[in-house]
Amino acid sequence: MDLIRRILITGANGTLGHAMARYFLERDNLCHVFLGVRERRELAEVVVTDFPGRAFLCPLEITSQKAWTEALEGITAQSGLLNVLINNAGYHDDALLASMSLSQWSGVLDSNLNAVFLGCQAAMKPMLQQRWGRIINVASLSALHSPAGQTNYAAAKAGVLGLTRSLAKECARLGITVNAICPGHIEGALPKSWSEEQIKIVKRETPMRRFAKPEEIAAVVFFLASADASYMTGSSIKLDGALV
Amino acid sequence: MNLRAQIKEVMATELMLEVSVDEIGDDSPLFGPNGIGLDSVDALQLVVAIEKHFKLKISDQDKAREILANVDSIAKAIEEAGLV
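Protein sequences, first through last, are from chains A and B. Oh and the first sequence: position 80 is 80 in our numbering, straight run, nothing missing. Heads up: take any position in the second sequence, counting from 1, add 1000, and you land on our numbering.
Rather than coming from a laboratory, the hints here were simulated on the basis of the structure.
Quick list of in silico lysine-lysine cross-link-like pairs, DSSO-like style, CA-CA up to 30 Å:
{"no.": "1", "chain 1": "B", "residue 1": "1063", "chain 2": "B", "residue 2": "1052"}
{"no.": "2", "chain 1": "B", "residue 1": "1076", "chain 2": "B", "residue 2": "1055"}
{"no.": "3", "chain 1": "A", "residue 1": "238", "chain 2": "A", "residue 2": "200"}
{"no.": "4", "chain 1": "A", "residue 1": "66", "chain 2": "B", "residue 2": "1052"}
{"no.": "5", "chain 1": "A", "residue 1": "203", "chain 2": "A", "residue 2": "238"}
{"no.": "6", "chain 1": "A", "residue 1": "66", "chain 2": "B", "residue 2": "1063"}
{"no.": "7", "chain 1": "B", "residue 1": "1055", "chain 2": "A", "residue 2": "125"}
{"no.": "8", "chain 1": "B", "residue 1": "1076", "chain 2": "A", "residue 2": "125"}
{"no.": "9", "chain 1": "A", "residue 1": "125", "chain 2": "B", "residue 2": "1052"}
{"no.": "10", "chain 1": "B", "residue 1": "1057", "chain 2": "A", "residue 2": "125"}
{"no.": "11", "chain 1": "A", "residue 1": "213", "chain 2": "A", "residue 2": "238"}
{"no.": "12", "chain 1": "B", "residue 1": "1057", "chain 2": "A", "residue 2": "66"}
{"no.": "13", "chain 1": "A", "residue 1": "169", "chain 2": "B", "residue 2": "1052"}
{"no.": "14", "chain 1": "A", "residue 1": "238", "chain 2": "A", "residue 2": "192"}
{"no.": "15", "chain 1": "B", "residue 1": "1057", "chain 2": "A", "residue 2": "169"}
{"no.": "16", "chain 1": "B", "residue 1": "1055", "chain 2": "A", "residue 2": "169"}
{"no.": "17", "chain 1": "A", "residue 1": "169", "chain 2": "B", "residue 2": "1063"}
{"no.": "18", "chain 1": "A", "residue 1": "169", "chain 2": "A", "residue 2": "238"}
{"no.": "19", "chain 1": "B", "residue 1": "1055", "chain 2": "A", "residue 2": "66"}
{"no.": "20", "chain 1": "A", "residue 1": "125", "chain 2": "A", "residue 2": "66"}
{"no.": "21", "chain 1": "A", "residue 1": "213", "chain 2": "A", "residue 2": "200"}
{"no.": "22", "chain 1": "B", "residue 1": "1063", "chain 2": "A", "residue 2": "125"}
Starting from the given sequences, assemble the full structure and let the hints guide the process.
Laid out in structure tokens, this is it:
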């Protein structure tokens, strides 16, 4: 492996993706960060401006196998083989199961689970060539503590944890580690539908009496992506201020 | 070193085999109970190693099964592709 580490973060325009990109770029002068984005890219564009020559936009429709192939080819041509994949993109579309439409179900499954499959498959080739790689899947506390109204999201994120454990076994001999994180509530990424009162209630229910700062989640991802995390694979790390 | 010996060296190094190069016959099955005991993860590594060392791309799964049968079949595929 050469000195430059190439990191692809999907959902890089969101609160957490943005924080992770900055965390890597500020702490590792030798990393190139590729910011996976779709239509919305204002936050990602600021990162590109702030870190010229080290942060790059990477247009990527995560549910398309072809898009993944093209993105990985683009990264290889521009910088070299990918070393770290952070599957961070996803969304939820909550409804009670009784009234959930099939498109609500399958849309969430596509973006939160099928896209992780596609990303891992695409990233494995360059990682295998180097016999080194780090895959970090951003799951959710909903995978472990599934609230009503999130059957689609909870199933998708629980699927991500299963995929992580199974793929870790497949990759254990190949120098590639695969781990997942399960963040709880994150400042700046709370559901838009929550009222001030609801926010207060959830905060009170959290033993730390506060939500995570995006940088606190990014710090764990940074460690999982490092050479120091070489014997850690197949793990799911809960980051929830002891909520569950 | 001839091609078959090179393939065995690559296998031993890249797959970290517990058998020595001398124990791998040209026609010994690589997979299955009567073979040298490679598994599906080894197969994945072997495909990557063959591409890296001999420039032979194996993208078709059925073709891969044929090519990876033994050292001899790998050597023939490399020779037929004109890569030696």
